[in-house]
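Asks: Since each chain sits alone in its own frame, please combine them into the complex, following the hints.
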Amino acid sequence: KNEVEQSPQNLTAQEGEFITINCSYSVGISALHWLQQHPGGGIVSLFMLSSGKKKHGRLIATINIQEKHSSLHITASHPRDSAVYICAVLGGGADGLTFGKGTHLIIQP
Amino acid sequence: GAGVSQSPSNKVTEKGKDVELRCDPISGHTALYWYRQSLGQGLEFLIYFQGNSAPDKSGLPSDRFSAERTGGSVSTLTIQRTQQEDSAVYLCASSYRGGQPQHFGDGTRLSIL
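Respectively, the protein sequence lines represent chains A and B. Here the first sequence stands for residues 1 to 109, where the numbers follow the numbering used here. Here the second sequence stands for residues 1 to 113, where the numbers follow the numbering used here.
Excised from the complex, chain B in its bound form (with noise of 0.2 Å):
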């Protein structure tokens, strides 16, 4: 596709279990992000891909929190045990490179009950 995709585009959970949030970033950027927008908090940053690596995780929240990246492209961000602060739009970003525009998915918007 055309632009960042993010799936699913809701997902409504019961507290205590685990979710993933998928992202496929534009074919051939190298730097994924992944950012978190909350009533409360609005925008966070939560974690940077560089090809497959991490090498800014400074945003987790907690150790709940985890995501990966294989084969430089798509990206996963799971939550274990979710709790009701965690409520939120999750969303995905992509560069060419670190440093360069960033192009945003619309979002998972998760709703833990």
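Okay, chain A solo, but in the shape it has when bound (with noise of 0.2 Å):
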């Protein structure tokens, strides 16, 4: 069974910060996926990725096979990304994610 580990498990940061979360896994997967879940509210799925490096506006992703490791980075953050953010992989013997714990995020404004 995979096991997810991300840190740090919360993060308050002043608003325009750089912010940079991390997970690591213990079992190679065929896919890694950030999440983002707002209070109260559903789960959006920010990346999937398997190599290399992601950007999707002032977010990036990166993941590291090798050193079976993934950052989400955020740049110029702003209160609007307050939220949950949550590492899943896929694979290592299940069908189906398997979740770290998530990275609680706060931007002051």
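Note that these hints are calculated values from the structure, not bench results. Each hint should be verified, as a subset may be incorrect.
Computed cross-link-like contacts, DSBU-like style, restricted to lysine-lysine with a CA-CA straight-line distance of at most 30 Å [stated by the list, open to error]:
(1) A:1 <-> A:53
(2) A:53 <-> A:101
(3) A:55 <-> B:11
(4) B:11 <-> B:57
(5) A:1 <-> A:68
(6) B:57 <-> A:101
(7) B:57 <-> B:17
(8) B:17 <-> A:54
(9) B:11 <-> A:68
(10) A:68 <-> A:53
(11) A:54 <-> A:1
(12) A:68 <-> A:54
(13) A:101 <-> B:11
(14) A:101 <-> A:1
(15) A:54 <-> A:101
Covered by chain B, per the in silico footprint, the following chain A stretches (three or more residues, Cβ under 8 Å) [said to hold, decoys possible]:
(16) 2-13
(17) 63-75
(18) 102-109
Using C-beta positions, here's what the derived DEER-type ranges look like [stated by the list, open to error]:
(19) B:85 <-> A:1: 42 to 52 Å
(20) A:5 <-> B:57: 21 to 31 Å
(21) B:78 <-> A:13: 27 to 37 Å
(22) B:27 <-> A:9: 32 to 42 Å
Because the structure is a prediction, the values reported are computed rather than measured. A virtual CB, placed ideally from N, CA and C, is assigned to each residue, including glycine.
Replies: In structure tokens, the structure reads:
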């Protein structure tokens, strides 16, 4: 079974700061997802990646397959980025996603 | 509809009752997943459907839980003899096929009294 660890668990930052959230996993995977969940809201898929780097607006996701590690970066953070960010992996024995515990991000104005 | 639709959005029931949760995936999506989000356990995988078959039921927590999918579309998750520990948000997701990006519904919040 894959073990997915995220850090930090909680992060509070000021508007405009560069944010990094890290994710590591224990077993080889076919893909890694970064998900966003606003308080009381649904889950939105931000990225699915299996190698390299993807960028969407102010969000950047990278993955190092050899190191079993991924990072999610937010540039020029804004209060509307406040949410829980969840790393999830596909593979390692299960057909469904295995999730990290999430990172609670608060961006203060 | 354009997204994954789940019903009901909220369900409150007494311990020992049976409940049925419904998921209507995005049209054309062959893969369907059920997940559960609870305070103590976070997000966890329950079951995966490819078409109407369920090749992976490994996440179902007990034999009180079952799921079916008919016509390659709508799926129902049934919990029999509900217990208080079943209280959680039950999420459904679908993708074009297995291994593709998953689209999540808004979930059903289940509360067992």
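Asks: Does each hint fit the structure? Answer for all of them.
Replies: Verification of the supplied hints:
no. : hint                      : in the structure
1   : A:1 <-> A:53              : holds (26 Å)
2   : A:53 <-> A:101            : holds (23 Å)
3   : A:55 <-> B:11             : violated (39 Å)
4   : B:11 <-> B:57             : holds (24 Å)
5   : A:1 <-> A:68              : holds (14 Å)
6   : B:57 <-> A:101            : holds (22 Å)
7   : B:57 <-> B:17             : holds (23 Å)
8   : B:17 <-> A:54             : violated (46 Å)
9   : B:11 <-> A:68             : violated (39 Å)
10  : A:68 <-> A:53             : holds (14 Å)
11  : A:54 <-> A:1              : holds (27 Å)
12  : A:68 <-> A:54             : holds (17 Å)
13  : A:101 <-> B:11            : holds (25 Å)
14  : A:101 <-> A:1             : holds (15 Å)
15  : A:54 <-> A:101            : holds (22 Å)
16  : 2-13                      : violated (count 0)
17  : 63-75                     : violated (count 0)
18  : 102-109                   : violated (count 1)
19  : B:85 <-> A:1: 42 to 52 Å  : violated (21 Å)
20  : A:5 <-> B:57: 21 to 31 Å  : holds (26 Å)
21  : B:78 <-> A:13: 27 to 37 Å : violated (44 Å)
22  : B:27 <-> A:9: 32 to 42 Å  : holds (38 Å)
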